[in-house]
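Spelled out, the chains give:
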Amino acid sequence: MKDNALTIPSNLPRTRREASKGWAWPKFRELWEYRELLFFFVWRDIKVRYKQTVLGAAWAIIQPFFTMVIFSLFFGRLAQVPSDGLPYPIFSYAALVPWTFFATALTQASNSLVLSSNMVKKIYFPRLTLPIATVLAGVVDFVLAFVVLMGMMLFYGLTPTINVLWLPLFLLLALVTSLGVSLWLSAMNVQFRDVHYTIPFLTQAWLFVTPIAYPSSLLSEPWRTLYGLNPMAGVVEGFRWALLGTDTAPGPMTLVSAVVALILFVGGAFYFRHMEQNFADVL
Amino acid sequence: MSNLAIEVARLGKEYHIGGPQKSYHRLTDQLADVVAAPFRRAGKLLRGQANGATELNEKIWAIKDISFQIKTGEVVGIIGRNGAGKSTLLKILSGITDPSEGYADLYGRVGSLLEVGTGFHPELTGRDNIFLYGAILGMKKAEIERKLDEIVAFAEVDKFLDTPVKHYSSGMYVRLAFSVAAHLEPEILLVDEVLAVGDMSFQRKCLGKMDDVAQEGRTVVFVSHNMGLLQQLCERGIFLQRGTVHTDGTIAEAVDAYLQTLEQTKTLDLSERTDRKGLGKVRLIGVDVTNGSSAILRTGHPVRFIFQVDMLVPGLACNFNVYDTIGQPVTSFQSRVRGPEDASDPENGLKFICELDELLLLPGRYRVDVAIIGDNRLQDFIEAATVFEVAEGAVRGRPVQPDGKFSVSMSHRWTLPTDR
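Chains A and B, in that order, are what the protein sequence lines are. Our numbering applies: residue 1 is where the first sequence begins, and numbers increase by one. Our numbering applies: residue 1 is where the second sequence begins, and numbers increase by one.
Treat the hints as calculated values from the structure; they're not laboratory data. Take the hints with a grain of salt, since some may be wrong.
[What the hints assert, rightly or not] Selected chain B positions facing chain A (Cβ under 8 Å, derived; list incomplete):
1) Ser2
2) Lys71
3) Tyr107
4) Leu132
5) Leu270
6) Arg273
7) Val387
[Claimed, not checked] Covered stretches of chain A (in silico footprint by chain B; criterion: 3 or more residues with CB under 8 Å from a CB of chain B, positions within the stretch not fixed):
8) 13–27
9) 119–129
10) 272–282
Even glycine gets a Cβ: it sits at the ideal position worked out from N, Cα and C.
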């Protein structure tokens with residue numbers, strides 16, 4: 001049976017399947033090779049996201065908009081929470097737009113592997129594509145909510161300053177934070193379904209520890225810099241600065257946020273890599 | 001001089017017991033486990049179920065120490081009973097799960113068809129799904145575009161290409177999925193039991209496609225329970241038993257070895273059988289095939305199949321399939337499909353009784369695979385739950401002789417030409 005004359009083909013790539021020991025490098029190269037699949041997953045998620053709903057993509061706007069209305073009534077009017085000299089509705093909405101992107105990404109992505117368990121168990125493809133595609137698909141919702149934000153700015157007669165050129169950087173920060181948290185939660189959710197039950201609480205708590213309903217200017221240094229440990233604080237205040245010209249120019253807080261977001265992302269990628277070898281066995 | 005396509009060396013995969021079976025973990029479970037584990041260990045030691053540190057680790061090897069080489073262009077069938085490690089082996093080869101020890105080297109692009117259509121999204125149209133599923137299987141967009149017409153034509157779904165697949169019949173769904181997969185052109189193709197679907201004509205078409213794949217010099221590894229199919233498609237067979245290679249030879253040798261061990265297990269008490277599938281809430285605990293009075297079954301005589309289960313759950317049903325000695329499926333019985341003569345008898349207790357007025361099987365040996373369904377889920381499935389022998393008899397007075405090739409006889413009558 002064993003034919004010793006078998007030669008190893010030199011023209012074909014070799015794939016080795018073996019036990020991975022310890023902590024390995026995240027499979028970013030493979031992700032790049034499968035970028036078309038990533039694209040198809042994003043496209044699928046966008047296409048089916050609001051299927052069988054009456055209001056469709058309007059949901060992307062309804063959520064942040066009505067949160068803004070409620071915040072304006074209770075925090076703005078009733079509690080007289082300061083808003084850095086801006087009309088409270090636009091002050092909170094400018095923060096709710098990136099926040100909603102983050103919260104949706106985290107909620108959906110944490111479930112992405114579990115929801116695709118059939119596929120994960122039966123087909124090999126880079127598992128990273130699932131949570132990442134889910135996060136990226138949220139960009140469409142973000143754009144819709146953002147258009148409303150621009151409408152509101154027009155309404156309040158606010159014109160963005162030159163600071164707006166920095167906006168893409170804050171969007172990137174929001175994206176990196178969302179991806180980082182999503183990688184952690186999605187991989188964890190495979191092992192511990194508790195994650196699923198923690199998410200609503202987690203997003204709610206995170207909403208209140210992020211300066212959305214109130215400004216971070218309530219804090220004095222060094223607490224403000226420390227506040228940057230919540231990367232969403234950096235994102236939200238960055239958005240306000242870039243669009244509305246609040247007095248929250250990128251500073252130490254933003255820097256702290258950026259570093260934390262990067263750590264979250266890199267750590268998430270390694271954790272995901274460490275866990276992914278068991279996904280098919282545990283799901 | 002041939003090229004190496006797959007090299008498997010000392011491959012092993014260890015599962016924690018409770019790991020693969022338990023569908024999810026909760027942190028609280030783990031915490032409870034931490035508290036309970038020492039007591040459980042102590043209990044096991046006391047009861048003599050464990051005596052050393054190694055056995056305290058509740059782990060099982062799904063496959064262990066498997067080594068073989070496959071050369072380019074070879075078509076290999078992997079056979080074995082449930083739980084023998086076939087699927088685990090294929091999952092490792094396709095990269096879905098990592099082995100615990102040893103390695104497998106694959107040369108060239110690998111395509112795997114472990115379950116056709118799992119990547120489909122019901123809300124998307126047929127066309128969209130072709131692209132999505134193709135990408136999941138590792139095809140490039142340009143490649144899919146190039147083959148689109150071919151894929152659609154093969155699947156025979158051109159009219160419904162822009163309909164969401166949730167409106168497809170299951171046949172169309174499977175045809176489309178298979179068609180996409182069949183147009184994947186890897187150097188190595190790993191296939192798990194996918195041909196058990198679709199109608200006969202499509203199955204034949206798939207077989208043709210598979211044959212083409214093999215003809216083109218690509219390497220194919222097949223896992224199937226269908227011995228007839230494997231013998232038709234493969235040259236070589238690897239028979240796995242309890243996670244190790246039992247026989248590695250021609251497909252005929254492997255199938256022979258497999259069928260022999262299948263029959264041997266019949267002597268095992270059903271309760272001792274561990275090669276089961278299903279949830280296990282209800283178990284099959286006894287099978288009996290009788291001729292009412294005598295123990296010998298004869299062609300054309302009545303026969304009763306009796307299946308005893310250990311519990312009653314809603315929607316309990318019993319299916320059994322009969323196979324001949326070379327593993328070809330012969331016929332199947334399903335209690336769920338009701339006939340006017342079906343009845344429930346409280347006297348029977350936990351027994352399914354299937355009565356045949358005349359057994360229309362030709363003399364020979366037959367194997368019975370039994371599935372018990374309850375709560376809408378597969379509860380128990382045992383291959384070769386029993387093996388029975390049919391002796392020569394007569395169908396409506398017509399003598400029936402054994403025949404090496406066929407396995408079914410039918411009652412019939414002739415009208416002959418008269419020579420005046």
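Comparing the hints with the structure gives:
Look at serine 2(B): its Cβ gets to within about 6 Å of chain A, closer than 8 Å, so that hint holds up. Checking lysine 71(B) against chain A by beta carbon gives a least distance of about 6 Å; that is within 8 Å, so the hint holds. A least Cβ separation of about 4 Å between tyrosine 107(B) and chain A falls short of the 8 Å threshold, and the interface hint therefore holds. Evaluation of the leucine 132(B) hint against chain A yields a held restraint, the C-beta minimum of about 5 Å falling below 8 Å.
The interface hint given for leucine 270(B) is broken, as the beta carbon of that residue sits about 29 Å from the closest beta carbon of chain A, more than 8 Å. With 8 Å as the threshold, the beta carbon of arginine 273(B) stays out of range of chain A, its nearest partner Cβ sitting at about 24 Å, so the hint is violated. Taken as an interface hint, valine 387(B) does not check out: its beta carbon lies about 30 Å from the nearest beta carbon of chain A, beyond 8 Å. A stretch counts as covered by a chain when three or more of its residues have a beta carbon under 8 Å from one of that chain; for the stretch 13–27 of chain A and chain B the count is 8, and the coverage holds.
With 7 residues having a beta carbon nearer than 8 Å to a beta carbon of chain B, the stretch 119–129 of chain A meets the requirement of three or more and the stated coverage holds. Against chain B, the stretch 272–282 of chain A contributes 5 residues with a C-beta closer than 8 Å to a partner C-beta. That satisfies the three-residue criterion, and the hint holds.
When the structure is compared with the earlier hints, violations turn up for hints 5, 6 and 7 and for no others.
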